[in-house]
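Novice: Here are the chains, one letter per residue:
There are 2 protein chains.
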Amino acid sequence: MTGQDKYEKIVELARRRGFFWPAYEIYGGVSGFYELGPLGTLLKKNIENKWREWFIRRHQEYVVEIETPVITPSRVLEASGHVEHFTDPIVECLKCGRVFRADHLVEEKLKLKVEGMSIEEIEKIIKEHDLRCPVCGGPLGNVRLFNLLFQTTIGPYKGNIGYLRPEAAQGMFVAFKRVYEAMRARLPIGIAQIGRVARNEISPRQGMIRLREFTIMEVEFFFDPEEPECPLLDKVADTKLRILTAEAKKRGEDKPEEYTVEEAVREKIIINPWLAYWMAVARDFVHELGVPYDNMFFEDKLPHERAHYSSQTFDQLVKVSRWGWVEVSGHSYRGDYDLSRHMKYSGQDLRVFKSYPQPIKTKVKKLLVNKGLLGKDFKAESKRIIEKLNSMSISEVEKQLKEKGYVMVNGYRIDEKYVKVVEVEEKISGKHFIPHVVEPSFGAERLLYITLEYAYREKDDRVILSLPRDLAPIQVAVFPLLAKKELVVKAKEIYNMLVNHGFYVVYDESGSIGRRYARADEIGVPAAITVDYQTLEDDTVTLRDRDTWKQIRVPVQALVETLQKFIYRNLDLEQLGNIKPVTKPS
Amino acid sequence: MTGQDKYEKIVELARRRGFFWPAYEIYGGVSGFYELGPLGTLLKKNIENKWREWFIRRHQEYVVEIETPVITPSRVLEASGHVEHFTDPIVECLKCGRVFRADHLVEEKLKLKVEGMSIEEIEKIIKEHDLRCPVCGGPLGNVRLFNLLFQTTIGPYKGNIGYLRPEAAQGMFVAFKRVYEAMRARLPIGIAQIGRVARNEISPRQGMIRLREFTIMEVEFFFDPEEPECPLLDKVADTKLRILTAEAKKRGEDKPEEYTVEEAVREKIIINPWLAYWMAVARDFVHELGVPYDNMFFEDKLPHERAHYSSQTFDQLVKVSRWGWVEVSGHSYRGDYDLSRHMKYSGQDLRVFKSYPQPIKTKVKKLLVNKGLLGKDFKAESKRIIEKLNSMSISEVEKQLKEKGYVMVNGYRIDEKYVKVVEVEEKISGKHFIPHVVEPSFGAERLLYITLEYAYREKDDRVILSLPRDLAPIQVAVFPLLAKKELVVKAKEIYNMLVNHGFYVVYDESGSIGRRYARADEIGVPAAITVDYQTLEDDTVTLRDRDTWKQIRVPVQALVETLQKFIYRNLDLEQLGNIKPVTKPS
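These protein sequence lines map, in sequence, to chains A and B.
Mapping the first sequence onto numbering that gives the first Met the number 0, position 65 (from 1) lands on 64, and the numbers just tick up by one.
Mapping the second sequence onto numbering that gives the first Met the number 0, position 263 (from 1) lands on 262, and the numbers just tick up by one.
Same shape as in the complex, but just chain A (with noise of 0.2 Å):
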């Protein structure tokens, strides 16, 4: 174990037990891409389950879940901005044709900040510097972008261009009225979903944290921007916030300071409620993945570091071994950035309609036009007048008749004998508007490696995999303590026991009990259950917990229940039973 950092030890272990491992390698892989084994789906697949338990399941009277298509018509993603903005510089060697990030290029050789930077700015540093490329030394081109969206072809009308989608965000915008409708026209709504998403990284070299296909969760919450207040956000006023401000950046600053939810609004550091309520929730939902909250803050992204659909932007930063901090999600304020975008895009009606809870008076100006007298006037001319005064605005007309006594139409005078502007009262019995969005967003495979970064532990000279109980891919270890008939019997019987009641179980009888619980503590199997010759006497056996090594006996017909306490419990072995003493090694 020695002579490797914390990373690759994870990743030894995640490919030899089935957590995860570069896809395609039997091909020699292809960077960006990792495939999960058996442990590592479920692993996910429990992350998963507990983000849609926290943000959506809870949250049901807010929030719902859809899914949308990962094939994404040109259209939609022009709407987006996202054919226009969603690029990363890149230069290409002369020499070898290569192509680097010129941005990063630029970053490691110079130590030089350059993001906001255009790339005639980025171009313009790398020929003073004269950077050439890093693998052959050869001269580099012109810096240019690359757009990092998938683009395929739909259908057989060559045309058809289709992307990829980069976020599921745009499913969701896409189809908010009809959800909307759906859930009978109510705001807030948040609408969520949980899917791939493909980004086309010129040269991903992070492993599992930049990764070119990937699992997004992510909740667009819309909401009337003129009532931007959050119910929710009472239970989480004392929660307190590491945040990294934008004011604190520009002075220089890079350590976070600590604010309560209620500050933080009240401040105006995040600029809406729900956005605040929505990263108190991140907080602790990563916390539950096992990050201490000394590990994780908030950073407030300066403006020419934001996407260009966002007002104000943070992101949640965990601290890992090999890459210092690192981005797990991103609190967007997207206003009616994306609403309004395909509205014009659409040529659809996207706002909503609120009834005001009783109708307001108000006093409009309206054009009254004399058509009789017109029609006398100007007989065939007529016609054509009205269309033109009623295509002027009205303060226009009042402004003309204010000025001169007319106003000049079509080449004539038309005086207050034929157009008038009066002020009548209206009732009006609502408001249509275009909702705003604040959005969390969240990679699940990062999270996957995040956990297994903090649950990794040696002990003794061996691994522990101390995942959170309600993660662990494998709740339960069943071994016969020897691999004697009769005890191997009964430990298959309360195998088939538990797998009939839910729980994912690993029965093993091979090697010595002890290397048996090594198995088993490298996976993070928190309960190791063992049959033996006591067992045959009174219909006990042992749980062990894989984080202490203590053990306890429970009566056969318990152990259901006390394997759901343990587990989704959380309980401790000594609320559980009696600990008992331990008589060998284990």
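Heads up, a few of these hints could be off.
Identical copies go unnamed one by one, so any copy, or any two together, can satisfy a pair.
[What the hints assert, rightly or not] Below, simulated EDC-like cross-link-like pairs (lysine to aspartate or glutamate); rule was C-alpha separation at most 20 Å, straight line:
#  : residue 1 : residue 2
1  : K176      : E24
2  : K157      : D87
3  : K108      : E127
4  : K234      : E492
5  : K343      : E24
6  : K5        : E452
7  : K483      : E304
8  : K491      : E60
9  : K8        : E180
10 : K491      : D233
11 : K157      : E200
12 : K176      : E11
13 : K343      : D459
14 : K5        : E521
15 : K44       : E228
16 : K8        : D459
If you're looking for bench data, these hints aren't it; they were derived computationally from the structure.
Based on the hints, put chain B in the right spot on chain A.
Specialist: Leaving out everything else, chain B in the frame of chain A:
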């Protein structure tokens, strides 16, 4: 409700209440893509989880789940044969440019079966019958093959072609060796996956039945072809499968006959016991979605109807109102086709090694070369003679020695002084072999539609979605009898209690109680709880059964347990309490 067929009614309900609708509606839609709304997503997750329970979790001794990418490098799909074979014949109108499925055109216009015909044969038929563009009447061009893989480019280099996977199977084959080793190298092993796939259909027109992007659920089940026995077969030996055999089809029959699993295997109607086992599981799984046994059967596909990799395929067909018999799953014997191809294309050894219980002694022939004598007699030439001898087949050497008394090597006569063939005894500890594979494969969206169709009922001019209770998207509805404060407070308290206990619940206080029951029935909520004035007195509520409209009274403190029995153990109301006399229509 009149004038519409069942399909139209379901589609209308699905759109209005949020099960599903065509994707990208605001942009005019893109055929072959659907979006799942809040209820559709919950229903689909429940179907997926039931599939996972039936095909994976209950079989966890054999079957594991993995996750592999959708984007697949071209080499993988060249190996699998998809780049070459995954095509449909198309023909283009020379006047309007529209593209059609050539085979469908012939089948629809001429009522001819063309499955298995070459493109030349189809083209000949089109020419002979002067078939024309069904839209503009223009002449049609040549028939050519269109590949149904969605193509893209991975990374910034043009030549790096990738495709969206058309099936999850290849992910399991490519990862097979890694998974096999992580699972301690035992056979049989099933590797399952639930995930998105994409097929670029020419002009999909069957709604949720034929999608360009959908969720596949499949198991690749690997076993030793010399030990094809299925130890689980006894459990399903008496299960009756309705099968339309290849023999019966050749005789022109189109009605299935009933066979027990045991018969089907014994009479070799199903060529492999594991294939039969998974078909029996599939039968019961689809039945659990609400499909009567009489409305499904298995069709043995004739050689020209099968995919390129298959040596036997059964389609599981279910009767659907609009389209007749529709395929809901495929059961293929893929043999060693895929692993062999990936061995060839990747150059990696994907065989497994199996130790015999004890080494087998066997006699093998070996070449005995007298190197000393050869060196002495042939000097510098001897090295090349020895090399050549070793490169020759033993049987060739033996043959020459027997026939001529010597072997010709590089122009020299080498006789038995120098080389002999001897028989020696060797111990063989095991064998290397390529596992064979059977595959059950399902499409989730199609099952979702079928589940809705079999749940759809009309009663007293109202719609009831009699979904299997454990599949219902929303499990409980909570209503205050009237929208009075004291009833509302109590109802919301019960709503919160049920949410905290893991249920999906709707709360509804608007409109008459009858209308609210109807709204809940229409989306298949199995249990409706009503809080009335008696609740305030004795803390009991009514529980109404969606299907029978019968009611019982349940104490609030027993509600969670009662609902769990009602929904997940499918108990009747009569088993849970006293049926309440109905005093008014509900």
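Novice: Hints first: check each against the structure and report whether it holds.
Specialist: Evaluated hints:
{"no.": "1", "hint": "K176 with E24", "result": "between (44 Å within a copy, 10 Å between copies)"}
{"no.": "2", "hint": "K157 with D87", "result": "between (26 Å within a copy, 17 Å between copies)"}
{"no.": "3", "hint": "K108 with E127", "result": "within (13 Å within a copy, 70 Å between copies)"}
{"no.": "4", "hint": "K234 with E492", "result": "between (46 Å within a copy, 17 Å between copies)"}
{"no.": "5", "hint": "K343 with E24", "result": "between (45 Å within a copy, 15 Å between copies)"}
{"no.": "6", "hint": "K5 with E452", "result": "within (8 Å within a copy, 53 Å between copies)"}
{"no.": "7", "hint": "K483 with E304", "result": "neither (64 Å within a copy, 52 Å between copies)"}
{"no.": "8", "hint": "K491 with E60", "result": "between (44 Å within a copy, 11 Å between copies)"}
{"no.": "9", "hint": "K8 with E180", "result": "between (51 Å within a copy, 18 Å between copies)"}
{"no.": "10", "hint": "K491 with D233", "result": "between (51 Å within a copy, 19 Å between copies)"}
{"no.": "11", "hint": "K157 with E200", "result": "between (25 Å within a copy, 14 Å between copies)"}
{"no.": "12", "hint": "K176 with E11", "result": "between (47 Å within a copy, 16 Å between copies)"}
{"no.": "13", "hint": "K343 with D459", "result": "neither (64 Å within a copy, 45 Å between copies)"}
{"no.": "14", "hint": "K5 with E521", "result": "within (14 Å within a copy, 54 Å between copies)"}
{"no.": "15", "hint": "K44 with E228", "result": "neither (33 Å within a copy, 32 Å between copies)"}
{"no.": "16", "hint": "K8 with D459", "result": "within (16 Å within a copy, 66 Å between copies)"}
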